[in-house]
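Asker: Each chain is listed here by its residues.
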Amino acid sequence: MGMTMTQKILAKHAGMSEVHAGQLIQAKLDLVLGNDITTPVAINEFEAAGFDSVFDSGKVVLVMDHFVPNKDIKSATQCKQCRMFAKKFGIEHYCDVGTMGIEHALLPEQGLVAPGEAIIGADSHTCTYGAVNAFSTGVGSTDMGAAMSAGYTWFKVPAAIRVNVTGKKRRFVSGKDVILTLIGRIGVDGALYKSLEFSGEGLKELSMADRLTISNMAIEAGGKNGIFPVDDITREFLNGRVKREWTAYYPDEDAEYESVIEMNLDDIDCTVSYPHLPENARPAREGHDIKIDQIVIGSCTNGKIEDMKAAAEILKGKHLAEGVRGIIIPATMNIYRECMKLGYTDIFLDAGCVVSTPTCGPCLGGYMGILAEGERCVSTTNRNFVGRMGHIKSEVYLASPAVAAASGITGHITHPEEVM
Amino acid sequence: MAIAHKYGDHVDTDVIIPARYLASQDEKELASHCMEDIDKNFHAKVHEGDIMVAGLNFGCGSSREHAPVAIKASGISCVIAKSFARIFYRNAINIGLAILECPEAAEDISDGDEVSVNFDTGIITNKTKNKMYHAEPFPEFIKKMIDDGGLMASLKKARR
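Protein chains in written order, with numbering that gives the first Met the number 0: chain D, 0 to 419; chain U, 0 to 159.
Check each hint, because a few of them may be wrong.
Claimed, not checked - Derived Cβ-Cβ restraints for the label pairs, each shown as a range:
1) H42/U x K86/D: 23 to 29 Å
2) E139/U x K86/D: 50 to 56 Å
3) R184/D x P136/U: 34 to 40 Å
4) E139/U x E285/D: 36 to 42 Å
5) D38/U x G21/D: 33 to 39 Å
Worth flagging that the hints you see were computed from the coordinates, not collected in a lab. All of these numbers come straight from a predicted model, not from anything done at the bench. The beta carbon of each residue, even a glycine, is placed where N, CA and C say it ideally should be.
Please model the entire structure based on the sequences and the hints provided.
Answerer: Here it is as structure tokens:
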């Protein structure tokens with residue numbers, strides 16, 4: 000029986016010619032990632048176990064992104080612990096204030112992830128790198144601590160669902176609408192323990208930014224990873240970023256998929272996921288009754304330059320509705336600078352928004368845009384669980400940058416068409 | 000006497016331990032906020048050895064290990080659910096929190112039922128309803144890991 004893309008990458012890293020779904024394997028890792036929330040716990044485990052070295056100081060990446068610039072003494076202490084650890088072990092990719100970005104935007108941008116690689120990260124959205132044909136998945140801090148020392152970890156080889164993409168994207172529709180629609184169809188546990196593998200002639204319609212957003216939210220369907228094959232769009236993105244050699248993996252002709260989901264882009268319109276689960280996907284056109292207090296445009300899901308562009312195109316020459324707060328967070332320092340160069344920052348400020356340095360802040364209710372009781376936010380982030388962005392009686396509506404921007408202008412959930 | 004505390008489907012890591020408390024790694028502090036966004040009294044009512052029971056996809060969301068740590072530090076001796084989110088499942092085993100997938104038990108056990116678990120056989124006994132349910136018991140190495148207090152503790156013990 001043939002193998003999926005994911006299975007082939009795992010087999011390669013396990014040093015085996017073949018693996019099958021359900022098999023337990025040990026696989027070598029090309030990268031181990033942690034952030035300022037999960038790394039301190041991993042360091043404690045690492046030290047308690049008595050480890051005295053990391054497997055490769057060039058293959059451990061520590062990104063301070065959740066609560067930086069530090070929001071309080073405790074978060075500052077966590078970063079300090081990571082900083083000291085990085086220094087002690089000569090970690091090459093230690094990214095702190097000034098060089099950091101939101102981890103899953105930063106790593107692809109910096110060429111730290113490439114096709115065919117096996118990556119774990121102590122952050123659930125580590126599945127993002129499937130967009131460049133890597134196998135990557137989120138783990139906890141103990142797994143991270145052990146892997147920083149060992150350079151390998153164990154996996155259960157996942158079964159897979161194939162998502163066959165056809166058709167053409169409509170105006171204003173982006174990767175966010177595709178993934179919210181998919182999660183709406185299969186549910187937040189629709190891909191539990193499984194790979195989501197994307198294929199089909201419609202992939203040429205999906206930019207790298209679209210793919211990064213789609214892979215990023217594979218976890219919101221319970222998926223272990225979400226992976227795309229390599230094509231010209233991938234090669235163009237990798238060109239100049241990834242200098243080491245890499246291998247692309249494609250599924251075998253007879254690869255085994257548990258099911259195939261057909262997604263025709265022609266049928267996908269701008270989509271919003273209502274509280275309190277990402278699966279509550281509804282058409283943006285039907286959201287007029289939902290009055291909002293805030294928009295957030297940013298995060299590992301939608302903080303890329305293409306996302307900033309989509310928001311800027313809608314907000315240009317317009318202003319937020321009275322009573323709506325707009326928080327824009329470019330995901331990396333390069334994107335932050337690009338926004339200035341391209342005039343997006345001026346557009347955002349003129350529209351009445353604030354522009355923050357990179358941080359995960361509001362997405363997980365950390366800081367930089369916490370909601371009070373009864374408040375509502377249209378956000379380009381990835382989760383809308385109870386209390387996710389603040390008070391347990393606040394509400395988060397997940398959407399694309401274009402929908403968030405349009406909603407900011409009107410003060411209620413709005414399809415971008417209505418303001419353009 | 001282990002009492003069951005029952006919740007629904009898709010209990011996510013944000014309600015198990017809200018991110019506003021993640022600047023702490025202190026187990027007791029994490030435990031004091033465990034489940035508070037969906038069950039304000041959880042910390043006050045849970046006793047050492049109690050059981051948590053839930054529906055589908057328990058522990059979905061973030062990879063924060065603080066979630067199983069907070070549950071364990073609250074005194075919960077085992078989580079029984081219809082299914083678990085995969086990162087939570089792995090984290091729970093790694094930090095030594097016993098978890099069992101058993102749709103039948105998860106469906107049938109009511110909040111407040113008196114429940115006991117035999118980890119060797121996978122048999123869950125509901126004393127209140129006078130019923131038994133069968134879960135797949137963990138293999139020996141996982142049981143040992145949980146008994147030792149988690150992956151790292153187990154590795155350290157093996158090295159000695």
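Asker: Hint compliance check: list the failing hint numbers for this structure, sorted ascending.
Answerer: Hints 1, 2, 4 contradicted; others consistent.
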